[in-house]
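Taking the hints into account, I'd like the entire structure generated from these sequences.
Protein chains in written order, with this note's numbering: chain A, 1 to 282; chain B, 1 to 289.
Don't take every hint at face value.
[Unchecked claim] Not everything, but these chain B residues come out facing chain A in the computed CB check (under 10 Å): (1) N114; (2) L117; (3) E120; (4) G149; (5) G150; (6) D178; (7) K237; (8) L241; (9) P249; (10) A275; (11) R280; (12) R286; (13) G288.
[To be verified] For lysine-lysine, the following DSSO-like pairs were computed, each having C-alpha atoms within a straight-line distance of at most 30 Å: (14) K136(B) / K113(B); (15) K78(B) / K106(B); (16) K261(B) / K276(A); (17) K224(B) / K9(B); (18) K261(A) / K17(B); (19) K142(B) / K116(B); (20) K57(A) / K242(A); (21) K131(B) / K242(A); (22) K242(A) / K187(B); (23) K35(B) / K237(B); (24) K57(A) / K195(A); (25) K276(A) / K237(B); (26) K276(A) / K261(A); (27) K106(B) / K136(B); (28) K17(B) / K78(B); (29) K133(A) / K261(A); (30) K195(A) / K89(A); (31) K72(B) / K61(B); (32) K136(B) / K242(A); (33) K232(B) / K276(A); (34) K4(A) / K195(A); (35) K242(A) / K232(B); (36) K17(B) / K61(B); (37) K142(B) / K57(A); (38) K142(B) / K35(B); (39) K4(A) / K78(A); (40) K142(B) / K106(B).
Note that these hints are calculated values from the structure, not bench results. These figures come from a predicted structure and were not determined experimentally. Glycine included, C-beta positions come from ideal geometry on N, C-alpha and C.
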Amino acid sequence: MSEKLIEFRNVTYIYETDEEDEAPSVPALDGVNLTVSKGEFLCVLGHNGSGKSTLAKMCNAILEPTDGEVIVAGMSTKEEENGDLIRRKVGMVFQNPDNQIVATIVEDDVAFGPENLGVEPSEIRRRVDEALKAVNMYDLRLRQPHNLSGGQKQRVAIAGVLAMQTEVIVLDEPTAMLDPVGRQEVLSTIHKLNKELGITVIMVTHFMEEAVDADRVIVMNAGRIVLDGTPREVFSNTAAVKSCGLDVPQSTELCSRLGVKRTVLTAQEAVEEIIKLCGGVV
Amino acid sequence: MMAPALEIKNLTHYYYKGTKNQIAAVENVSLTVEKGETLGIIGHTGSGKSTLISHFNGLLKPDEGEVIVDGKNIFENKETLRQSRFKVGLCFQYPEYQLFEETVYKDIAFGPKNMKLPSEEIDRRVQNAAKLAGVKQELLNKSPFDLSGGEKRRAAIAGVMSMEPEVLVLDEPAAGLDPAGRLDLIKMIRHYRDVTGCTVIIVSHSMEDIARIADRVCVLANAKVAMHGTVKEVYSKGDELRSMGLNVPEITRIMLMLREKGIDVPADIYSPDDAVSAVRNYIEGRRGV
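Here you go:
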């Protein structure tokens with residue numbers, strides 16, 4: 001049976017209001033139960049304010065539950081002494097590539113994490129090279145980050161997490177600021193790390209078509225998980241997805257409106273189904 | 001004839017000018033935007049979009065070429081430059097990071113205040129811009145930092161609308177919003193355009209969003225204008241767009257793939273609604289034969 005890596009046990013989180021004048025705030029997470037297994041590729045969908053980012057930040061103890069518990073590799077994020085260990089297991093990549101690069105040379109940036117952990121210099125060298133190769137940025141290792149494209153910067157940020165040898169990467173809308181090609185670069189990198197290195201991936205996104213290749217999709221609404229299943233299971237429920245302020249991929253929508261029975265996820269599948277509707281290949 | 005709202009003539013802008021690293025961020029770009037028109041500007045990251053639009057109200061000065069707003073070269077003198085700041089309202093990416101006042105009201109009032117308008121006029125403009133941008137009345141006295149992400153975005157856009165510019169330029173206004181939020185924001189901009197009759201220029205990576213709002217599209221690639229035309233004209237060139245680091249909407253891609261398979265649906269389809277009718281028409285057409 002697959003190994004549990006991250007477990008949310010009835011987790012509630014309430015952001016503290018600064019003054020008493022405010023009405024008590026609604027929980028950002030409301031009784032969330034979730035288990036993420038080793039090697040899984042999990043996509044988290046939800047409208048703005050649904051609790052996605054809060055959930056992401058709980059995975060490596062940036063936020064601690066107000067109620068309930070988050071267990072990462074057997075350690076509760078509530079115990080302060082676990083914080084460092086947990087953050088070595090679970091790395092985060094955020095939306096804005098410009099906010100997470102600290103060094104003036106690509107390879108120095110990737111080395112920043114392991115240096116802080118006090119890793120041996122020769123070992124740092126090895127990890128940095130490996131990480132940069134994994135994200136296909138090795139040839140640009142001596143470049144200055146500000147001269148890179150958005151997609152390249154995000155891949156440097158991912159390499160920085162890899163160099164820490166984390167088992168889980170949590171990405172909070174990693175492609176929101178990228179152009180279509182940059183998005184594709186980053187996505188294929190993430191999938192490669194998941195398949196080839198067995199890294200567990202939790203990716204928050206607003207782009208439905210980025211979720212179709214995940215193993216599992218959860219949809220958040222008002223701090224709760226309202227849908228949970230394979231992409232095909234989740235997107236077959238168009239009405240429920242739309243009622244959460246989201247959409248299904250355009251291929252899915254087109255085929256369902258044309259009366260195709262099967263839930264279609266990709267353009268390729270849509271083309272196959274439409275050819276059938278048209279009575280086979282012309 | 002009426003002067004265009006904005007005219008860019010042979011504009012070139014270099015970075016690292018005069019050094020061996022000199023590189024043209026914008027190269028010999030010419031562009032005319034008519035009054036009341038909505039222009040979409042698309043292009044890969046680093047194609048020069050943001051550099052180009054920073055010239056529209058003189059935040060950047062071109063190394064070569066001219067920027068003409070409402071018939072006047074904005075770099076003619078200090079006054080024309082100052083006027084261009086009011087005539088062309090620029091709203092950058094993630095404008096909510098630039099909110100800074102104590103209240104949302106003051107933030108929206110900042111622009112008109114700088115225009116030295118009387119206080120009743122400032123108030124009228126703040127109320128009007130808040131309404132147009134969909135900022136709820138009860139939020140005006142709150143601190144901008146207590147607003148949700150979507151509300152902050154709207155407040156920041158209202159802060160540009162309150163200057164009542166003749167040309168509103170928005171850089172990736174819907175970035176980071178969820179699908180429903182994106183659609184609402186595009187609808188808001190469409191409504192603003194229809195009510196005010198203003199010229200709107202919208203920069204985006206989202207081919208879907210551009211299709212929803214623009215009359216014409218200008219594609220930048222490697223600092224130059226690579227394509228220019230109506231949405232239908234530009235989107236029918238899927239292969240060329242892909243070679244420029246862009247992509248057509250998924251629905252358009254399906255149509256293009258069907259055509260390759262010999263199914264003769266139109267190539268210029270970019271919404272699921274149009275695609276459904278196109279496929280149905282095709283099937284009915286074949287039955288008819």
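Do the hints match the structure? See the list:
no.	hint	verdict
1	N114	violated, 28 Å
2	L117	violated, 33 Å
3	E120	violated, 30 Å
4	G149	holds, 5 Å
5	G150	holds, 5 Å
6	D178	holds, 4 Å
7	K237	violated, 15 Å
8	L241	holds, 9 Å
9	P249	holds, 7 Å
10	A275	holds, 5 Å
11	R280	holds, 8 Å
12	R286	holds, 7 Å
13	G288	violated, 13 Å
14	K136(B) / K113(B)	holds, 21 Å
15	K78(B) / K106(B)	holds, 27 Å
16	K261(B) / K276(A)	holds, 12 Å
17	K224(B) / K9(B)	holds, 13 Å
18	K261(A) / K17(B)	violated, 60 Å
19	K142(B) / K116(B)	holds, 24 Å
20	K57(A) / K242(A)	holds, 25 Å
21	K131(B) / K242(A)	holds, 27 Å
22	K242(A) / K187(B)	holds, 18 Å
23	K35(B) / K237(B)	holds, 27 Å
24	K57(A) / K195(A)	holds, 24 Å
25	K276(A) / K237(B)	holds, 26 Å
26	K276(A) / K261(A)	holds, 12 Å
27	K106(B) / K136(B)	holds, 15 Å
28	K17(B) / K78(B)	holds, 24 Å
29	K133(A) / K261(A)	violated, 43 Å
30	K195(A) / K89(A)	holds, 18 Å
31	K72(B) / K61(B)	holds, 15 Å
32	K136(B) / K242(A)	holds, 24 Å
33	K232(B) / K276(A)	holds, 27 Å
34	K4(A) / K195(A)	holds, 18 Å
35	K242(A) / K232(B)	holds, 28 Å
36	K17(B) / K61(B)	holds, 13 Å
37	K142(B) / K57(A)	holds, 27 Å
38	K142(B) / K35(B)	violated, 36 Å
39	K4(A) / K78(A)	holds, 18 Å
40	K142(B) / K106(B)	holds, 10 Å
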